[in-house]
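With the hints as constraints, model all of the structure from the sequences given.
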Amino acid sequence: MKCEQYQELFTDYMNKQLTTEQQTELETHVAGCDSCGHELAAMKELWDELGDMETPEPSVNIRVKFYAMLDTYTASVAEKRGFWDRVTDNSSRLWQLQPRWPLAYSMIVVLISFACGYWVFYSSRTDKQDQQLQALSSQVHELRQTMMLALLENPSASERMRGVSYTSEIKHADKQVISALLATLNNDPNVNVRLSTLDALAHLSDHPEVRAGLIRSILDQDSPLMQSAIADVMLKLQEKRSIGSFKELLKQKDLDRRVREKIKETITQLI
Amino acid sequence: MGLLFERYHRILYGFLFHMTYNRESSEDMVQTVFYKMLKYRNSFTGDGEFMAWMYQIARNVLKDSYKKKSENVSHYDVADFADRIDGGTAADEQFEIKQTRTELHSAMKNLSDDHREVLIMSRLQELKYQEIAQILQTTEGAVKVRAHRAMQELKQVYLKRKC
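The listed protein sequences correspond, in order, to chains E and D.
First residue of the first sequence: 57, per our numbering; consecutive thereafter.
First residue of the second sequence: 37, per our numbering; consecutive thereafter.
Bear in mind the hints are in silico, worked out from the structure with no lab data behind them.
Note that CB positions come from ideal geometry on N, CA and C, so glycine has one too.
Be careful, since some hints might not be right.
[Stated by the list, open to error] DSS-like cross-link-like pairs, simulated, lysine-lysine; straight-line CA separation at most 27 Å:
{"no.": "1", "chain 1": "D", "residue 1": "Lys191", "chain 2": "E", "residue 2": "Lys100"}
{"no.": "2", "chain 1": "E", "residue 1": "Lys100", "chain 2": "D", "residue 2": "Lys75"}
{"no.": "3", "chain 1": "E", "residue 1": "Lys100", "chain 2": "D", "residue 2": "Lys196"}
{"no.": "4", "chain 1": "D", "residue 1": "Lys145", "chain 2": "E", "residue 2": "Lys72"}
{"no.": "5", "chain 1": "E", "residue 1": "Lys121", "chain 2": "D", "residue 2": "Lys191"}
{"no.": "6", "chain 1": "E", "residue 1": "Lys121", "chain 2": "D", "residue 2": "Lys75"}
{"no.": "7", "chain 1": "D", "residue 1": "Lys191", "chain 2": "E", "residue 2": "Lys58"}
[Stated by the list, open to error] Derived contacts from chain D toward chain E, CB cut-off under 8 Å, selection only:
{"no.": "8", "residue": "His45"}
{"no.": "9", "residue": "Tyr71"}
{"no.": "10", "residue": "Lys180"}
{"no.": "11", "residue": "Lys191"}
[Claimed, not checked] Derived CB-CB ranges, DEER-like:
{"no.": "12", "chain 1": "E", "residue 1": "Gln61", "chain 2": "D", "residue 2": "Glu42", "range": "38 to 48 Å"}
{"no.": "13", "chain 1": "E", "residue 1": "Glu60", "chain 2": "D", "residue 2": "Asp100", "range": "10 to 20 Å"}
{"no.": "14", "chain 1": "E", "residue 1": "Asp104", "chain 2": "D", "residue 2": "Leu39", "range": "26 to 36 Å"}
{"no.": "15", "chain 1": "D", "residue 1": "Asp100", "chain 2": "E", "residue 2": "Val120", "range": "19 to 29 Å"}
{"no.": "16", "chain 1": "E", "residue 1": "Ala160", "chain 2": "D", "residue 2": "Lys103", "range": "52 to 62 Å"}
{"no.": "17", "chain 1": "E", "residue 1": "Cys172", "chain 2": "D", "residue 2": "Leu39", "range": "49 to 59 Å"}
Okay, structure coming up:
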């Protein structure tokens, strides 16, 4: 290496930035080279002087000023932050403060209790409603029954027929209704009322009392219309127990001829 | 932030003082640098690079101050600084030291900013080339070359003044 190249390394040498190899190489060269030795000595002097350059201590003011600035800055930052920022900050801090699992657990407990409460109250409320509805409908039912029974007592034939027609709306006819209808069937002076009563009773044929009553009433009817109508109903119901009553009826001498034929036909069909 | 101040403000002040040789403006600039660090603290990431970050801000502050001062030519209160040097040394010796240092200061003052900067960092602040390279955002090799040239320039200027 030339002297110039070594001299380029002087700064690094003084700065202790050379590798040990480079350092020993440079030192050997400088020891043997006068010009380089002088150069390095001069540089070293300058370097040392540079290092001895005094840096004054900053004044006390610098610290005071800094802390004043820091305070002002933090205050201004705090002021700038809006109300909502603080609220969200605090709530998030609350979340951080709380151990998360217990908080989540208690939230779940609260939710479950809400659900239970809702379920209990809701179901009890529907029960209540059902009960109320049932009570109400039974009241309506009773009302209708009473009205029907009252209408059957009415002197006007059309009113009595209206009463009979109500029975189709009564789902569960009780004994009182059936006996009232049967009484109407046997005793009502108006043929039309009796015919519609027969219709109504035919709908209630599920009840054994109705069937028995109908069979009994075969002999009580004197109108040919009623007699043939009962025969139709009996045929429809396939009521074999009515055959005896019909045979009794056939023994009556004043029986209408066409009725007689119809009843004979019915008996043969029933058998 | 207070902790950082306690730890670094002397180093920072030293750097700024040697860059300006003005005590008052150096103190002001230390303040400005810390304010900027506070304000832009989000831009700082990583631990080891803190010094580099701080120096980068300081250099920007210096650049701004040069711009401001460009109209009324900067004056270095070297005399004021020289007056401050005291101790138990004899008057003659003291005078000599004063003389030498004042001349060195003048020589430093006459260096270009780039060269003065690299000498301050490497000699006075005892930063490694690698650290300086990080601050100046350049390579280690470039720093080496710059330091060498700076020493050469200083030597020439200084010897010229001495002779």
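Going down the list of hints, with the structure as the test:
1. Lys191/D <-> Lys100/E: holds, 11 Å
2. Lys100/E <-> Lys75/D: With a Cα-Cα distance of about 43 Å, the restraint between Lys100/E and Lys75/D is violated, given a limit of 27 Å.
3. Lys100/E <-> Lys196/D: It holds: about 17 Å lies between the C-alpha atoms, which stays within 27 Å.
4. Lys145/D <-> Lys72/E: holds, 25 Å
5. Lys121/E <-> Lys191/D: violated, 39 Å
6. Lys121/E <-> Lys75/D: Distance of about 16 Å is within 27 Å: holds.
7. Lys191/D <-> Lys58/E: Distance of about 21 Å is within 27 Å: holds.
8. His45: Since chain E brings a Cβ to about 7 Å from His45/D, closer than 8 Å, the hint holds.
9. Tyr71: For Tyr71/D, the interface hint holds, since the closest Cβ of chain E sits about 6 Å away, which is under 8 Å.
10. Lys180: holds, 6 Å
11. Lys191: holds, 6 Å
12. Gln61/E <-> Glu42/D: 38 to 48 Å: holds, 45 Å
13. Glu60/E <-> Asp100/D: 10 to 20 Å: violated, 40 Å
14. Asp104/E <-> Leu39/D: 26 to 36 Å: holds, 34 Å
15. Asp100/D <-> Val120/E: 19 to 29 Å: 24 Å Cβ-Cβ, so the 19 to 29 Å window holds.
16. Ala160/E <-> Lys103/D: 52 to 62 Å: Since the Cβ atoms of Ala160/E and Lys103/D sit about 58 Å apart, the hinted range of 52 to 62 Å holds.
17. Cys172/E <-> Leu39/D: 49 to 59 Å: The hint (49 to 59 Å, Cβ to Cβ) holds, given that Cys172/E and Leu39/D are roughly 55 Å apart.
Taken one by one, the earlier hints fail for this structure at numbers 2, 5 and 13, listed in ascending order.
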